[in-house]
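For this one, chain A is given, so just place chains B, C, D, E and F on it according to the hints.
6 protein chains.
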Amino acid sequence: MRANPLLHHFRARATRPLINAWMSLPDSYAAEVIGHAGVDSVTVDLQHGMMGFDQMLPMLQAISSTPATPLVRVSTCEPATIMKVLDAGAYGIICPQVDNAEICRRFVSACLYPPSGNRSFGPSRGLTYGGSDYVTKSEGELLLLAMIESREALDNLDDILDVPGLSGIYIGPNDLALSMGYMPGVVITEVEQAIERVLQTALSRGLFVGIFCADECNAKKRVEQGFHLVTPGNDAGILRKSYQYYCQSLCGVQESWGQNGGY
Amino acid sequence: MRANPLLHHFRARATRPLINAWMSLPDSYAAEVIGHAGVDSVTVDLQHGMMGFDQMLPMLQAISSTPATPLVRVSTCEPATIMKVLDAGAYGIICPQVDNAEICRRFVSACLYPPSGNRSFGPSRGLTYGGSDYVTKSEGELLLLAMIESREALDNLDDILDVPGLSGIYIGPNDLALSMGYMPGVVITEVEQAIERVLQTALSRGLFVGIFCADECNAKKRVEQGFHLVTPGNDAGILRKSYQYYCQSLCGVQESWGQNGGY
Amino acid sequence: MRANPLLHHFRARATRPLINAWMSLPDSYAAEVIGHAGVDSVTVDLQHGMMGFDQMLPMLQAISSTPATPLVRVSTCEPATIMKVLDAGAYGIICPQVDNAEICRRFVSACLYPPSGNRSFGPSRGLTYGGSDYVTKSEGELLLLAMIESREALDNLDDILDVPGLSGIYIGPNDLALSMGYMPGVVITEVEQAIERVLQTALSRGLFVGIFCADECNAKKRVEQGFHLVTPGNDAGILRKSYQYYCQSLCGVQESWGQNGGY
Amino acid sequence: MRANPLLHHFRARATRPLINAWMSLPDSYAAEVIGHAGVDSVTVDLQHGMMGFDQMLPMLQAISSTPATPLVRVSTCEPATIMKVLDAGAYGIICPQVDNAEICRRFVSACLYPPSGNRSFGPSRGLTYGGSDYVTKSEGELLLLAMIESREALDNLDDILDVPGLSGIYIGPNDLALSMGYMPGVVITEVEQAIERVLQTALSRGLFVGIFCADECNAKKRVEQGFHLVTPGNDAGILRKSYQYYCQSLCGVQESWGQNGGY
Amino acid sequence: MRANPLLHHFRARATRPLINAWMSLPDSYAAEVIGHAGVDSVTVDLQHGMMGFDQMLPMLQAISSTPATPLVRVSTCEPATIMKVLDAGAYGIICPQVDNAEICRRFVSACLYPPSGNRSFGPSRGLTYGGSDYVTKSEGELLLLAMIESREALDNLDDILDVPGLSGIYIGPNDLALSMGYMPGVVITEVEQAIERVLQTALSRGLFVGIFCADECNAKKRVEQGFHLVTPGNDAGILRKSYQYYCQSLCGVQESWGQNGGY
Amino acid sequence: MRANPLLHHFRARATRPLINAWMSLPDSYAAEVIGHAGVDSVTVDLQHGMMGFDQMLPMLQAISSTPATPLVRVSTCEPATIMKVLDAGAYGIICPQVDNAEICRRFVSACLYPPSGNRSFGPSRGLTYGGSDYVTKSEGELLLLAMIESREALDNLDDILDVPGLSGIYIGPNDLALSMGYMPGVVITEVEQAIERVLQTALSRGLFVGIFCADECNAKKRVEQGFHLVTPGNDAGILRKSYQYYCQSLCGVQESWGQNGGY
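Protein chains in written order, with this note's numbering: chain A, 328 to 590; chain B, 328 to 590; chain C, 328 to 590; chain D, 328 to 590; chain E, 328 to 590; chain F, 328 to 590.
The shape of chain A in the complex, shown without the other chains (with noise of 0.2 Å):
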């Protein structure tokens, strides 16, 4: 089977940060040209993206194209698209909002094929870009990872830890914030001290451990912070503030809508 180019970077504990980009753009070729950028993994963002899973497979087909690793954040924990995500040849899944040890074991059960969980047969895509050996090895070629984003979450966070299979946390600052009481897009001490206590203990654990940034910068200080893997901002936020820039600095204009690309 193809291997993980991700969790071999993780199991050799290489230094380097992974550098993942976070599509919500409907669009293979963006994804193909962004996964000819340098970065380690694409993500597809099905909860908040705007694609379905018809717009999804090329997109995976074409960064399957490049050097980059396709990653996909699931819209919520429900098995049966979790599964199809992975016919379709997702090598990770971000799932959100896995707030207790159930949903988190619900979610890697619907990743591994039985006995370690109940994924049903039907390899598709996945062995067509995994290779034939795809259902016997994809256990251990496959990221999963449980998104941190709620009050409740930081409450069970050993219970979900705990659960066999995981392959680490994404944590999502913004959604965590909202939960915690603060509007996203500010630092705010209690959320930095929450985000600190989830990141050390999971890689007190031997976890891996990525999380969403605001931007470059954001990344830079996520990285510096220990995180495995950081997501500098998204596609969209990308073309909408390089052209407000060039409007700005070519004609002072300045648009009303859509500011801040927030996530």
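Please note that the accuracy of each hint is not assured.
Which copy is meant is left open, so a pair is good if it fits within one copy or across any two.
Below are the DSSO-like pairs computed for lysine-lysine, each with C-alpha atoms no more than 27 Å apart in a straight line [what the hints assert, rightly or not]:
| hint | residue 1 | residue 2 |
| --- | --- | --- |
| 1 | K568 | K548 |
| 2 | K547 | K568 |
| 3 | K464 | K548 |
| 4 | K464 | K568 |
| 5 | K464 | K547 |
No lab work stands behind these hints: they were computed from the structure.
Frame of chain A, contents of chains B, C, D, E and F only:
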């Protein structure tokens, strides 16, 4: 944030009825043509319409280029889908089968950011279409309509209408008739009495009230009955009936399939 | 090979007029709904319609599931496109701007395999839909209509109609009016006289004669005038006019864009 | 309403086996080619196939233009999706992982209008394809097959088969093997005995029995065993194996990925 | 008819430069994000961009929902395509390789209805987006730009600029450089002199002058040089360069493919 | 720049034949499955295949994720389309109906940047897939094959083969047979002699020679005859024949449409 004309019209106690188009065609050009034809809103029907998320997106974009407000009827009260549809820029959600207060709370909660609800952060096209202050202001600009369309919902009507954050209701007369033991498409006194009761109960609380109508003639009756928003049939039905009429008129041909468009 | 009902109806000298639907919506579901509504044929308009090849294909498939015969109006007399549209299963081609005999020969030649024409071999969906003897029999089952829609075409009418293999003509009254110095949409005696002359010339040679009509009322007049096939307006126009009527009827709203659907 | 040939064939106690094609390709042209190749039905696989709703729609339309009956395997027993797939014109549903009677009741209920079930009204393409009496007659023309593919389902077999309205079952040998502790793709006596028991139990109740088969050879064995409907492999597997054979035959090349197509 | 802001800005002799975005991504969401970012126009590039007609349509619809004006660069001076792109609602056409006056006349003629030109009647989305008087007024609201990008065009410059109905020109510096024997991407005195001559010749006739620019820095120079409209790079280039910068900044990774985005 | 394995194999005088798959299915997943099945190249057929540009793009991306080289057969020798297909990342073009040297020069010129040809600058996906030095190196890595498939081409064979920059030829036996007065699908001595002459003439000049074959058996014969690249049938034909065989084998059903896949 871009204002929601439907809500402002309603809050201003305007007497003119709101005309809502209903789309089962998976077609952004049809959506645009209809949105420019004078209607107040265009609803993309994800429940019985022939589109999934990937075809809905360009439809919402096309509607956004017209004076009409983009609404979506989701297929069921599933929070992750509702959130994603809002992220795609729907300015209102019509949620089917809201049979009790718990379903209604789940629906409303999915539409509002914390602390009012539990909508996940990632506004995407909501921000692009709505404006940069979408996250803080969307709570006041999204039209949230619960469908009352079952005997169970009639029994729980007060509890459903009590749910904070709900904008109003949308009556589905066909499913309501089926639930009460009748076939859709015929005027049944018991069903009409139930509809009148729902209307008056909602009006007495100052809620917004809309309804699906068999055709323009039925819509006229509903306007006189006091509904704020009426839906005169759907797009596919208009095409079917128009061509059936043309064929009969021009050569007396009568086709055998699909005479009544239903809904 | 599957027979072409339009041609068999014509050859049988049936008196009932043929009703043709005209599609500018890029939408296979609309095509199917219309194809089941009693029309004899559905024409996908590649010239002014909002679809390219990729959206045309499922439309032809959908029409093939109905009693209606699938036709395509190509955007210009370009042989490679005409051949590909036939390979996609169109059972007839309406070719615009056939202004002289040379264009007409190019058109007909593109539709017929050698030795009659120079159509390239690769029948694809023609074979799937038409049957395994498509290559040898298609010459007798494809409806090939040259559009007469310019002063130049009027001048070259006899030469155009002399081209062997041509099934008949299809008049485009709007472009014809423009070419003669008038605006479309108004009845002009000079244009009507030209149309009548084209009709009679074609009928006298035993050719098939069709025409685009502003609406059902105009189509009725054309039937009485002696046309074999009439096209009562188009799909987008029906949607636009229906919703405009609904809005006016229900609340007197009059929209500002797109009043006349044109063609 | 258009009759369901599969059910009529079954009710007429015809002895010829029914051949079912299985599609994982998101491709309406492939669906049409296969539907014209002599099969009795074509199943669009929404569980492990590479299509969502938006790609499924033109596939169902294309199958509807052929002699084959359109079926859909849904991804899980989710009522809103099942209802929408029926609205899209599927003439039968294969529901995976029907492990107990409650799941089975939920499945059947989603397929039938009240009072038999709770299917929501809005027949859309069901009406277009099925005919104007679809709502009253569909209950007798839809093939509803519960997948028996787990040890739990074996334990609950009688209760599952007792659910009124169920047409029959469809065995998934690969997931059944995994659930029983074996790898798919090898003949295991214990699994074969379970399959035989399910087959005989269903036959003794007069139910319809179908099964997924590794290939044509395995399908032949299942026909002899007494199954009414067999599925000889899937479309992607046919393409893979054909080209692998060509390459080996023509130059001895042996590719490294995706040898066994699986299912 | 909806006014063309670019032309009104130009006719009003406004001094602020017009900023034009350039799209090679086949993506209506990206188009909408960019259209809301402050640019004056968004050009869908049918020549080197990764979209055909079917992907262009929703892009034009999305741009129409923003303050930006939708333009299209066609792939060659082919009248039928130009007409169809206008029918799809483009408010301006950039025509490549207008190397002599005959090509220019063909281009302009395809954009204007008789008697000014030979555009075929069937305004479709032009009417929907532009308004009901589109056919009579479009001649004054469409921006028609001929690309000057070859030595031959330089030689025929006066004749090209003399063609009545032409709004102005758009310089393609890369193809111009290639045509003059140089590689694109480097500042060459001879090419710069040619650009300056084209600019001044066009300005002296009161024509609109636009140009493609390598990036924002180059665009600033062109604004100072006197161009009315500048195009600072393209969308795919922005994504590529941004992620390349992120990777270098965060971990010094240097990818091997696609360093220079070109154009 | 990414090397073209077909050309390197050829230049290295490797004796193993090259196996080329031929796609008429508009399907990126099928393309990927086939690309992983051991073939050397996958050709997307824009002439008789059921895809336009918008469906071709994800197919080229999918092929790019496999060991196979992506080729495209264009529908005619139209420079703007050829250039755009190359910009989309095709690593070779098969151009139909190259009947004389002028057509051949137009074809080759469209594929090469100045000074060798007149390809317009804007490499897009060519750059993404090929590498940052694509513009300067593509001239040596693109496989340019002229189809010899008419009596006229036979007459002009030497002149065609003399065109500088041409990589070789690809014989279309079916169109060649039709052009010579025979029906495709039968072995005709006169046609075979012409094919042999074309093969030997091309080989004697050191050119690359490929051919379309009815099936694997015919391909084997062509390999023995000395062709470098063979195309054993096409994808739709494989699906059709496989299911026809299954149906006959399992129940003796013989369908009526589409027996011979043709090409």
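Against the structure, the hints:
1. K568 x K548: Both. Shortest intra-copy (21 Å) and inter-copy (21 Å) distances satisfy the 27 Å Cα cut-off.
2. K547 x K568: both (19 Å within a copy, 18 Å between copies)
3. K464 x K548: So K464 and K548 fail the 27 Å test inside a copy (35 Å) and across (31 Å) alike.
4. K464 x K568: between (42 Å within a copy, 22 Å between copies)
5. K464 x K547: Intra 34 Å, inter 32 Å, cutoff 27 Å: neither.
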